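**Q** In case you want the letters, here they are:
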Amino acid sequence: MSSEIVTIESIESVYRRRSASLFRLALARTSDPEVARDAVQDGFARAICARAGFRGSASLEEWICRCVLNATGDSRPPAGEDELHEADDVFWKAATPDAEVRAAVRRLPARQRDALLLRFYLDYDYLTIAETLRIEVGTVSATLQAARRNLTRALEKVAR
Amino acid sequence: MTFDDDALNRLVPASLWKPDWADALERAGELDQRRREPWARRRRILALAVIGVVLTALIALGAENARWFFEF
Chain A
1 MSSEIVTIES
11 IESVYRRRSA
21 SLFRLALART
31 SDPEVARDAV
41 QDGFARAICA
51 RAGFRGSASL
61 EEWICRCVLN
71 ATGDSRPPAG
81 EDELHEADDV
91 FWKAATPDAE
101 VRAAVRRLPA
111 RQRDALLLRF
121 YLDYDYLTIA
131 ETLRIEVGTV
141 SATLQAARRN
151 LTRALEKVAR
Chain B
1 MTFDDDALNR
11 LVPASLWKPD
21 WADALERAGE
31 LDQRRREPWA
41 RRRRILALAV
51 IGVVLTALIA
61 LGAENARWFF
71 EF
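Residue numbers (the numbering used here), protein chains in the order written: chain A, 1 to 160; chain B, 1 to 72.
Hints are supplied without guarantee of correctness; some may be wrong.
Listed next, with one range per pair, are the computed distances between beta-carbon atoms [to be verified]:
id	chain 1	residue 1	chain 2	residue 2	range
1	A	I135	B	R41	23 to 31 Å
2	A	N70	B	W21	31 to 39 Å
3	A	R55	B	R41	28 to 36 Å
On the chain A side, residues computed to face chain B include the following (Cβ under 8 Å) [unchecked claim]:
id	residue
4	I8
5	E12
6	V14
7	Y15
8	F23
9	D42
10	I48
11	C49
12	G53
13	R55
14	A58
15	R102
Read the hints as simulated data drawn from the structure, not as lab findings.
Bear in mind the structure is a predicted one, so any value in this text is a computation, not a measurement.
No residue lacks a Cβ here, since even glycine has one placed at the ideal position from N, Cα and C.
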């Protein structure tokens, strides 16, 4: 695929359409609204700065989504998972009744979790998930099934 | 407890999101550049205007005093 010129206006258009969904994705990954917000804003800022390097091998939205995913990874404080969960509880216990689901999602292997979140919050099809995560399209279905299976198993354990 | 699609939907409420494009631009350093741009343009226009005025004055002065560079 040939490269195309990416303008700030085209990035802004993605921001207007998709930033809320990307925020949900980042929030599901980080469990911290402030960290998630920073990740989305930084992800778009990186996309703006690096727009000249966009090669068009994926769609602009997928490329920006990768920027946000990378920013989400960078935004995590250098703490252990348990410490993060403790910190999260302050916000989440009051905000949602689904703490077990959240914890189970966070414990999923990274690829399964990201595929699941892209499917849910951005409504991506298998091909787009594969391009965003840079994995084979043939593995997406199996990855999503494994994610669902692991989540169900984790939640059954909690229920017992 | 079982996993269903609604569980993920409830998990992260979109209502917490407040879009702020200007902040994204600022983080990218674009806002400063945009703020500077009108001033840079104004400075360029001002400099051209000053040069124009000076040149006109010099030409007028030269013509009035019949300087050598006006004698063809």
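**Q** None of the hints should be skipped; say for each whether it holds.
**A** Hints, one by one, checked against the model:
Remark: the range hint 23 to 31 Å for A:I135 to B:R41 is contradicted by a beta-carbon distance near 48 Å. A hinted range of 31 to 39 Å is violated for the C-beta pair A:N70 and B:W21, which are about 20 Å apart. At about 33 Å, the beta-carbon gap between A:R55 and B:R41 stays in the expected band of 28 to 36 Å. Given the 8 Å rule on beta carbons, the hint for A:I8 holds: about 7 Å separates it from the nearest Cβ of chain B.
Proximity of A:E12 to chain B holds as hinted, the smallest CB-CB distance being about 6 Å (cut-off 8 Å). With a cut of 8 Å, the hint placing A:V14 at the interface with chain B is violated, because the nearest CB-to-CB distance is about 11 Å. The interface hint given for A:Y15 holds, since its Cβ lies 6 Å from the closest Cβ of chain B, which is under the 8 Å cut-off. Satisfaction of the interface hint for A:F23 is found here, the shortest Cβ-Cβ separation to chain B being roughly 4 Å, below the 8 Å cut-off.
Because the smallest distance between the Cβ of A:D42 and any Cβ of chain B comes to about 6 Å, under 8 Å, the interface hint for this residue holds. About 4 Å separates the beta-carbon of A:I48 from the nearest beta-carbon of chain B, less than 8 Å, and the hint is met. Against a cut-off of 8 Å between C-beta atoms, the interface hint on A:C49 holds, since the closest Cβ of chain B lies about 5 Å away. Given the 8 Å rule on beta carbons, the hint for A:G53 is violated: about 14 Å separates it from the nearest Cβ of chain B.
Checking A:R55 against chain B by beta carbon gives a least distance of about 19 Å; that is not within 8 Å, so the hint is violated. The interface hint given for A:A58 is violated, since its Cβ lies 20 Å from the closest Cβ of chain B, which is over the 8 Å cut-off. Contact between A:R102 and chain B, as hinted, is supported at the beta carbon level, the nearest pair being about 6 Å apart and thus within 8 Å.
In summary, the numbered hints that this structure violates are 1, 2, 6, 12, 13, 14.
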